Amino acid sequence: MSAPLLSIQDLSVHIRGDAGLARILDGITLSVPAGVTMGVVGESGCGKSTLLRAVLGILPNNASIPNGRLEFKGRDLVADHWASARGRIGFVPQDPYLSLNPVFRAGDQLLEIMRKHAPGSRKDHTEKLIELFRAVQLPDPEGALGKYPHQFSGGQRQRLLIAAALACEPDLLVADEPTTALDVTTQREILGLLRNLVASKGLSLLFVTHDFGVLAALCDRVTVLYAGRVVESGLTAEVLRNPKHPYTRMLLACHPDRAINLIGIPGTVPAATQQPEGCRFHPRCPIARPECARKIPLLVQLPDAHSVACPWYSDTLPEQAIA
Amino acid sequence: MARYVIRRLLMALPALFGLIILTFVLSRVIPGDPAATLAGDAATPAMIAEIRAQYGLDRPIIEQAFIHVRQVLTGDFGKSIFSGRPVAEEVIQRLPATLELTFAALFIAVLLGVPLGLLAAINHNGPIDHLVRLLSVGGLALASFWLAIMLQLLFAMELDLLPLRGRVDVALGLPPRVTGFVLLDSLIAGRMDLFVNGIQHLILPAITLSLPGLATIARFTRSGVLEVLQKDFVLYAKAVGYGRFRLATIYVLRNAVTLVVTQIGLLFGALISGAVAVEAIFDWPGLGTYSVQAIISADYKALLAVTLVVGFVYAAVNVLVDVAQAVIDPRVAEDVA
Amino acid sequence: MTALRVLLRDPVAALGLLIVLFAIFVAIFANWLAPYPNDAFESHLLRRLRPPSVEFPFGTDNLGRDIFSRVILGTRNALLVAVAVIAAAMLIGVPIGLFAGWREGWLSEFLMRTTDVFLAVPQLILALALGQLLAPGIGAAMVALALTYWPFFARTVFAETRRLRGSLFVDALAGLGASPLRILFLHILPNAAPAVLVRATIGMGFTILTAAILGFLGVGATPPSPDWGLAVSEARQHLPEAWWFPTFPGLAILVLVLGFNLLGDGLRDAADPKIRRSKR
Chain A
0 MSAPLLSIQD LSVHIRGDAG LARILDGITL SVPAGVTMGV VGESGCGKST
50 LLRAVLGILP NNASIPNGRL EFKGRDLVAD HWASARGRIG FVPQDPYLSL
100 NPVFRAGDQL LEIMRKHAPG SRKDHTEKLI ELFRAVQLPD PEGALGKYPH
150 QFSGGQRQRL LIAAALACEP DLLVADEPTT ALDVTTQREI LGLLRNLVAS
200 KGLSLLFVTH DFGVLAALCD RVTVLYAGRV VESGLTAEVL RNPKHPYTRM
250 LLACHPDRAI NLIGIPGTVP AATQQPEGCR FHPRCPIARP ECARKIPLLV
300 QLPDAHSVAC PWYSDTLPEQ AIA
Chain Z
0 MARYVIRRLL MALPALFGLI ILTFVLSRVI PGDPAATLAG DAATPAMIAE
50 IRAQYGLDRP IIEQAFIHVR QVLTGDFGKS IFSGRPVAEE VIQRLPATLE
100 LTFAALFIAV LLGVPLGLLA AINHNGPIDH LVRLLSVGGL ALASFWLAIM
150 LQLLFAMELD LLPLRGRVDV ALGLPPRVTG FVLLDSLIAG RMDLFVNGIQ
200 HLILPAITLS LPGLATIARF TRSGVLEVLQ KDFVLYAKAV GYGRFRLATI
250 YVLRNAVTLV VTQIGLLFGA LISGAVAVEA IFDWPGLGTY SVQAIISADY
300 KALLAVTLVV GFVYAAVNVL VDVAQAVIDP RVAEDVA
Chain U
0 MTALRVLLRD PVAALGLLIV LFAIFVAIFA NWLAPYPNDA FESHLLRRLR
50 PPSVEFPFGT DNLGRDIFSR VILGTRNALL VAVAVIAAAM LIGVPIGLFA
100 GWREGWLSEF LMRTTDVFLA VPQLILALAL GQLLAPGIGA AMVALALTYW
150 PFFARTVFAE TRRLRGSLFV DALAGLGASP LRILFLHILP NAAPAVLVRA
200 TIGMGFTILT AAILGFLGVG ATPPSPDWGL AVSEARQHLP EAWWFPTFPG
250 LAILVLVLGF NLLGDGLRDA ADPKIRRSKR
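Protein sequence lines, in the order shown, are assigned to chains A, Z and U.
So for the first sequence, numbering that gives the first Met the number 0 puts the first residue at 0; every next one is plus one.
So for the second sequence, numbering that gives the first Met the number 0 puts the first residue at 0; every next one is plus one.
So for the third sequence, numbering that gives the first Met the number 0 puts the first residue at 0; every next one is plus one.
Next comes chain A alone, as it looks inside the complex (with noise of 0.2 angstroms):
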């Protein structure tokens, strides 16, 4: 097997800010080989934003990567400050009303990403984007190039970035929750377009979500964040049907196939500047033990590429947990 498109190894990424120090990222490894889909689920300030700022080189100003490595194709990013991944990473972003410039067009937006990073000239650029726009079915594709971002509704905007996404023809989809600020039909035809898209075209996809019937249907595997550390991961079939770890298994109880939603759990995700230690997990944990508060879990590697950083993941979960 060769190296994975997509190399994550026990990446950290903390961010000084005026509460302290805040350990966003700790020891996150994760690999996409070509071809694959990954999906990255995990709730609200668990790290998924910043794990795909990282692999896309925008974290903020004040963030600091202090130990881990991030390679695509090989190439080691942070120090060649993301060279190799301009134009080889194509990126959807979450919200498509924000991620245009409102005093530009459109097409002059999409076409400055691909001078900058596809061969050819203006003119092939033009028909290449026309024939995409005809990809993501955008209405009037030849006229889509004239308009301004504020003239497009919210689903024909997601479709436009998807298309700018693909413009350079990348090697890899980062996808950061495209289909959260759209409407439930809308999200649905956007999601079969790239699930379709990246079939098509055998693209290899980086999915964050807090979604897991999103991701079901979209990833072949998945990574399970838990307060910037991984806890769990797998093939998509083989977690769902066969969680390991306590926080996917009553995730996956409460809410077998809706959005996360900690409804089920008692307490809260810990502040990142607050961590707890050992297990980030261990105060909320039906299951947890003395030792849980001062070790660290490491991942366990059951068959299948299934693994659980928890060393009693075969424990029963007591029936109120999962309820």
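Any given hint could be a false lead.
What the hints assert, rightly or not - Quick list of the computed label-pair ranges, beta carbon to beta carbon:
{"hint": "1", "chain 1": "A", "residue 1": "Asp182", "chain 2": "U", "residue 2": "Pro179", "range": "38 to 44 angstroms"}
{"hint": "2", "chain 1": "A", "residue 1": "Ala236", "chain 2": "U", "residue 2": "Ser166", "range": "50 to 56 angstroms"}
{"hint": "3", "chain 1": "Z", "residue 1": "Pro114", "chain 2": "A", "residue 2": "Asp182", "range": "28 to 34 angstroms"}
{"hint": "4", "chain 1": "U", "residue 1": "Pro179", "chain 2": "Z", "residue 2": "Leu8", "range": "46 to 52 angstroms"}
Claimed, not checked - Subject to a maximum C-alpha distance of 30 angstroms in a straight line, what follows is the list of computed DSS-like cross-link-like pairs (lysine-lysine):
{"hint": "5", "chain 1": "Z", "residue 1": "Lys78", "chain 2": "A", "residue 2": "Lys200"}
{"hint": "6", "chain 1": "Z", "residue 1": "Lys300", "chain 2": "A", "residue 2": "Lys146"}
{"hint": "7", "chain 1": "Z", "residue 1": "Lys237", "chain 2": "A", "residue 2": "Lys122"}
{"hint": "8", "chain 1": "A", "residue 1": "Lys200", "chain 2": "A", "residue 2": "Lys127"}
{"hint": "9", "chain 1": "Z", "residue 1": "Lys237", "chain 2": "A", "residue 2": "Lys72"}
{"hint": "10", "chain 1": "A", "residue 1": "Lys146", "chain 2": "A", "residue 2": "Lys115"}
{"hint": "11", "chain 1": "Z", "residue 1": "Lys237", "chain 2": "A", "residue 2": "Lys146"}
{"hint": "12", "chain 1": "A", "residue 1": "Lys115", "chain 2": "Z", "residue 2": "Lys237"}
{"hint": "13", "chain 1": "A", "residue 1": "Lys127", "chain 2": "A", "residue 2": "Lys115"}
{"hint": "14", "chain 1": "A", "residue 1": "Lys115", "chain 2": "Z", "residue 2": "Lys230"}
{"hint": "15", "chain 1": "A", "residue 1": "Lys146", "chain 2": "A", "residue 2": "Lys294"}
{"hint": "16", "chain 1": "A", "residue 1": "Lys200", "chain 2": "A", "residue 2": "Lys294"}
{"hint": "17", "chain 1": "Z", "residue 1": "Lys78", "chain 2": "Z", "residue 2": "Lys300"}
{"hint": "18", "chain 1": "A", "residue 1": "Lys127", "chain 2": "Z", "residue 2": "Lys237"}
{"hint": "19", "chain 1": "A", "residue 1": "Lys122", "chain 2": "A", "residue 2": "Lys146"}
{"hint": "20", "chain 1": "A", "residue 1": "Lys72", "chain 2": "A", "residue 2": "Lys127"}
{"hint": "21", "chain 1": "A", "residue 1": "Lys115", "chain 2": "A", "residue 2": "Lys72"}
{"hint": "22", "chain 1": "A", "residue 1": "Lys127", "chain 2": "Z", "residue 2": "Lys230"}
These are computed hints drawn from the structure, not numbers from a lab.
Owing to the predicted nature of the structure, the values given are computational and were not obtained by experimental measurement.
Backbone N, C-alpha and C define an ideal beta-carbon position, used for all residues, glycine too.
Got chain A; can you put chains Z and U on it based on the hints?
Showing chains Z and U alone in chain A's frame:
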């Protein structure tokens, strides 16, 4: 867009009409009898009565207001007490000089203010940023008349680098009047010597006048760029690998400029105000010196005419500014329409 | 008090506050601080236009008066004019803003259109016309400045009142039977106070500057008043020989206006939590 321009023009009308009424009210709140003032110290009651009839001051107040509005709308501002010539004529003759000076000041302010503000924003909280912040507050605290005198003292009197006062050297004379702008007229007449001389005369007053504007523009460019840099679309543009230089300049600046352009409209008022003192000091033959002269000679017709004309020019500039904004940011026109 | 602490943490604003407090101190104790307090009106033709020395730190003017003393004495004038003008402008503008913001109807509409008209003319031009029409002098200049500055307060208070009028707590108070006057003065006005305070502080700087211009143009203070603008104007005939004559009064204007502007900036940042966040 055409509809937006028309709408915006119509929106300016009530304020202008109000301004005409305001000048009428002002001319009637003068302590004492305006007819007696007009007639002068040695007037007999008969002369006062005649003047009262001549100016319509014996009619009912509402009728007088109507007459005033009609006169202003037909460009009749009365005759100057000082020179006896129609005020409208004098004002129109002097307006280009003031506009030439204010535009030059605005040009300097934008040319230096925008890059300074941009530099400060990119170096947020760095040394350049602090310097620009200090400069932008300091620039607004400078009394223009004082700065003018200090610059005269240094550059004209001590160093003898630039002319002390006037629009061109008296020996050279003004170019034939076409637009009333000396720089334009000297180019039209093909007089390069006059053009250069005109620029030399323009430098000190224009710099003096530009400083508060420069401060304001630098400040709003800075805060505008800082605000835009926080936007999601900048993050997106970074993520998809927009050119660094292009991102910092064109991409972000164009959004920030909408804020700056609004300021230019408001600034124009400050510039015209500043021009009064600056013109008086540099002997610049514009509306500023004209109003100072009107103050000295208690020429209230002239003062009211200047107030009206400045109000109209100010309104026109603000309409232009709004239209410019709609061109830069297409959402503006659609929000209103 | 939190606002004060935020203010003092910003060195630029703290500097502004320091300058303003210092100016107030100088104004109050001017007669004790000035080496020659009688030079407000006395002239000494034998020692006219002396350059700065130990005896006369800022030199003497065309009538032999100590410029240092006159700059100190002028602080009082500058501050008094500014305070009186801003107070008068607030007295006109704040009630108009409150009323127009609270009631909807032709009168409110008329009042706000009137503020538009006043704002449609550059302040100095209007003050010049008014000042001249009311017969030149410092009193007329002050009336003129107040009459041109009130629309800014009216606008500020109008916006705040309109914003708060629809808010839940106002509905609740009205439901409890509180009278409109009570709501306006006890509940809405305190909410508008920070915005008014910022406006007033910036207005102080603006008024000092404009009053100086009026004095310079001969529409404001009249001789022998130790007015800074007037001094710069008187100095023009004695240039380039007496460079110190316009320099020090002008610097005094600069420093005092700078103080108010810095303080106003700091207050605005302290009053606006959004800016406070982004400044970090």
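Evaluation of the provided hints:
1. A:Asp182 with U:Pro179: 38 to 44 angstroms: holds (43 angstroms)
2. A:Ala236 with U:Ser166: 50 to 56 angstroms: At 52 angstroms between Cβs, range holds.
3. Z:Pro114 with A:Asp182: 28 to 34 angstroms: violated (44 angstroms)
4. U:Pro179 with Z:Leu8: 46 to 52 angstroms: violated (38 angstroms)
5. Z:Lys78 with A:Lys200: It is violated: about 82 angstroms lies between the C-alpha atoms, which goes past 30 angstroms.
6. Z:Lys300 with A:Lys146: Distance of about 53 angstroms is beyond 30 angstroms: violated.
7. Z:Lys237 with A:Lys122: holds (24 angstroms)
8. A:Lys200 with A:Lys127: Holds - the C-alpha atoms of lysine 127 (chain A) and lysine 200 (chain A) are around 15 angstroms apart, at most 30 angstroms.
9. Z:Lys237 with A:Lys72: holds (20 angstroms)
10. A:Lys146 with A:Lys115: holds (21 angstroms)
11. Z:Lys237 with A:Lys146: holds (22 angstroms)
12. A:Lys115 with Z:Lys237: holds (12 angstroms)
13. A:Lys127 with A:Lys115: holds (15 angstroms)
14. A:Lys115 with Z:Lys230: It holds: about 22 angstroms lies between the C-alpha atoms, which stays within 30 angstroms.
15. A:Lys146 with A:Lys294: This hinted pair is violated, its Cα atoms lying about 56 angstroms apart.
16. A:Lys200 with A:Lys294: Given that 30 angstroms is the threshold and the Cα spacing comes to 44 angstroms, the pair is violated.
17. Z:Lys78 with Z:Lys300: holds (7 angstroms)
18. A:Lys127 with Z:Lys237: holds (22 angstroms)
19. A:Lys122 with A:Lys146: holds (18 angstroms)
20. A:Lys72 with A:Lys127: Satisfied, since the Cα-Cα distance of roughly 25 angstroms is no more than 30 angstroms.
21. A:Lys115 with A:Lys72: holds (20 angstroms)
22. A:Lys127 with Z:Lys230: holds (28 angstroms)
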